[in-house]
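Here's the letter readout for the chains.
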Amino acid sequence: MSEIPAVRTEAIRKIYQSGDQRVAAVDGVSLEIAKGEFAAIAGPSGSGKTTLLNLIGALDGVDEGRVWIDGLEITSLSLGARADLRKNNIGFIFQSYNLIEVLSAMENAEFILLLQGVAKAERSERVREIFHKIGIEGLENRRPHQLSGGQQQRVAIARAIVAEPALMLADEPTANLDTATGSALLDVMQKLNRDLRTTFIFSTHDPRVMERASRLIRLVDGKVVDGG
Amino acid sequence: MNLSLLLRMGWRNLWRHPRRTTLTALAFAIGVFLLIVSLGLGDGMHEKMIETGIRLGSGHVVIEPAGARDTVDELHYLDADAAKAVERILDQAQIRGKVRGAAPRLLASGLLSSANNSTGVQVVGAVPERERGVALLPDKIVSGDFLEEEGRTPSTVIGAALAKKLDVGLGSKVVLMTQAGTEIQSQLLRVRGIFSTGMDDVDLRLVTVRLEDLQAVLHKPGAISHFAVFLDSSADTAAMRDRIEQRIDDSFAGTPPSVLSWQQAMPELHQFIIIDDAGNYLFNGVLLFMVALGVLNTILMAVLERRREFSLLLALGMRPREITVMVMIESMLLTAMGAGVGLVLGWTAHTYFATYGLDLGRLMNQTFSVAGVSVDSVVHSYLYPGRIRWTLTFVALLGFAASLYPAFRAAQTKPSEATQE
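So the sequences go chain by chain: L and R.
Residues in the first sequence are numbered from 107 upward in steps of one, following our numbering.
Residues in the second sequence are numbered from 126 upward in steps of one, following our numbering.
In isolation and in its complexed conformation, chain L is listed as follows (with noise of 0.2 angstroms):
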């Protein structure tokens, strides 16, 4: 029997109205992605990349369609229920660090576990090791205003990560890094994802992340052109 794969969407579709006009981000897609993929999904600006990892990611809910993660359908899940499954399954690392500006970057780091009830010994453990894990020890009081661009998407990653989520979704997560630091990311992504064989989709027209993704999905208005 194969195995259940991370995600799987069937003819998905997203529909934005732009005054008269209907578009279709997302027209008809559908995929699989195995457990354990560091998968990329490539595509000009407007393909609907970002459409599709929402949709992926129960941030926004298909027109058409159905989305199932980890052999749950997501597609008629309530808000609450939505919310639930992104803390407790997926973990999001998106273009813009996105940290919480009142929270320190072990308070962000933690916030999942937070959220999920997690004592404060395990939290604060549990953060510690990830942090020497990709290199931001020490960095624990700091505001992000007073982090550099590189440490604040560690720290993203940090709070990404240290939940365990079976999927991790990165949307342009190199975007706004100068080389070196890319790259270093990319290093403790793919050592992450072989070490705790995390599924990773990322959005990206970066060809760094391109060249090191095991498989690359290639979106052009809205539909799968190529790696589906």
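Rather than coming from a laboratory, the hints here were simulated on the basis of the structure.
Cβ atoms here follow ideal geometry from the backbone N, Cα and C, with glycine treated the same way.
Some hints could be false.
What the hints assert, rightly or not - Some chain L residues judged to face chain R by a derived CB distance under 8 angstroms, without partners named:
| hint | residue |
| --- | --- |
| 1 | Leu159 |
| 2 | Asn160 |
| 3 | Asp166 |
| 4 | Leu185 |
| 5 | Lys193 |
| 6 | Phe200 |
| 7 | Val208 |
| 8 | Phe217 |
| 9 | Ile218 |
| 10 | Leu220 |
| 11 | Asp277 |
As the list claims (entries may be wrong) - Here are the simulated SDA-like cross-link-like pairs (lysine to any residue), alpha carbons at most 25 angstroms apart as the crow flies:
| hint | chain 1 | residue 1 | chain 2 | residue 2 |
| --- | --- | --- | --- | --- |
| 12 | R | Lys539 | L | Asn194 |
| 13 | L | Lys226 | R | Arg137 |
| 14 | R | Lys539 | L | Ser184 |
| 15 | L | Lys297 | L | Thr285 |
| 16 | L | Lys329 | L | Arg119 |
Could you slot chain R onto chain L? The hints should help.
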């Protein structure tokens, strides 16, 4: 729901814009401060009016013949036996313990004449020993004394305005003419004391004589028009009225005397206080409502500025209701800060005015009358029990109400906005 996390984030969010938060809290503080000060001065003025009205009138509780107020032209009396029965009831331990004094009085109308003039007067026969320490007139004597026994001619105490009208002074003789049954009786009196209350009605028309002297003039030995009962605390009025009435109903066969609270005996004063209070509440309520709009505006601005952050929180797995609670916490914390500062400032001002008073003399006459009661221009602050609790409850409700719309808007944020650039 992790309330400590929401509390921590809510508190820190307030200080992203320290100036805005401080100004909004300060506005709220000023509103609460003004509310406490105006309530305190208002209550103080009312309390003074009540005290004056009670001490000048018929006490906290008045015991009078049944139906005495039904016919204005006719005077009603408790006979000697009824008066003694009432005295026995007032002397009972459970009543005596709360009663500061009970003054028996006899009322009549008449004409007071001097060599130079004459005028209609209201006559009160009183027992001076039982009036002192409770009634107002003994404290308002400006010359002479209050019905000290002296000489063969019965004593009287009159108002300064009446003395001036009759052109008499201490030691002068005046003649009181009054109706006793079907006869007109006259009695020579000597002015032993002159009082001044500041109220024209009282100073021109009120004449006080010894109770037994008036009983003799009216040929009504032992008769009493009413007992003026003065309590240690006006808060006991309703309870004591009920208790005295119960005892009287149990003791009297036939129609018992009526027992009235001061609110029933002086309805104009009571109504004035109610209306004045309502006006005060309305004014301050409007003021605080406007301040609460400021809180709403501040929180709403903060919410609209942080839409991206709310979408991030939702994307990470926070539920919409947690966002709602976090925003409401911010609003309530802002309200609590303002209310706390306002409470401290207001209480300080109240304590000062309670001790030293606020002299409104420059804005008005030294004394003026409201609902027939004199009001001193120096107002001392006084807060009725429960005022602070009521104030804080009202303020908390306002803060809560101000949080609702911003919290609702925050929870409407879409998590997909977290991925927008």
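> Is the hint on L/Val208 kept, meaning its closest Cβ partner in chain R is under 8 angstroms away?
Replying inline: 4 angstroms, holds
> Is the interface hint for L/Lys193 satisfied, with its Cβ closer than 8 angstroms to some Cβ of chain R?
Replying inline: 3 angstroms, holds
> With 8 angstroms as the cut and Cβ atoms as the points, is L/Leu185 at the interface with chain R?
Replying inline: Result: holds, 6 angstroms to nearest chain R Cβ.
> Has the given pair, R/Lys539 with L/Asn194, been kept, meaning a C-alpha gap of at most 25 angstroms?
Replying inline: 19 angstroms, holds
>> A closest beta-carbon separation below 8 angstroms is what the hint needs, so does L/Leu220 meet it against chain R?
In response: 5 angstroms, holds
> Does L/Ile218 pass the interface hint, meaning its C-beta sits closer than 8 angstroms to a C-beta of chain R?
Replying inline: 6 angstroms, holds
>> Interface hint check: L/Asp277, Cβ to nearest Cβ on chain R, cutoff 8 angstroms. Holds or violated?
In response: L/Asp277 check passes; min Cβ-Cβ to chain R is 5 angstroms, inside 8 angstroms.
> With 8 angstroms as the cut and Cβ atoms as the points, is L/Phe217 at the interface with chain R?
Replying inline: 6 angstroms, holds
>> Given L/Asp166 as an interface hint, is its Cβ closer than 8 angstroms to any Cβ of chain R?
In response: 4 angstroms, holds
>> Hinted pair, alpha-carbon criterion (25 angstroms max): L/Lys329, L/Arg119. Please report holds or violated.
In response: 10 angstroms, holds
> If you take the shortest Cβ to Cβ gap from L/Phe200 to chain R, is it below 8 angstroms?
Replying inline: 6 angstroms, holds
> Given the hint that R/Lys539 pairs with L/Ser184, does the C-alpha gap stay at or below 25 angstroms?
Replying inline: 14 angstroms, holds
Violated hints for the displayed structure: none, as all numbered hints are satisfied.
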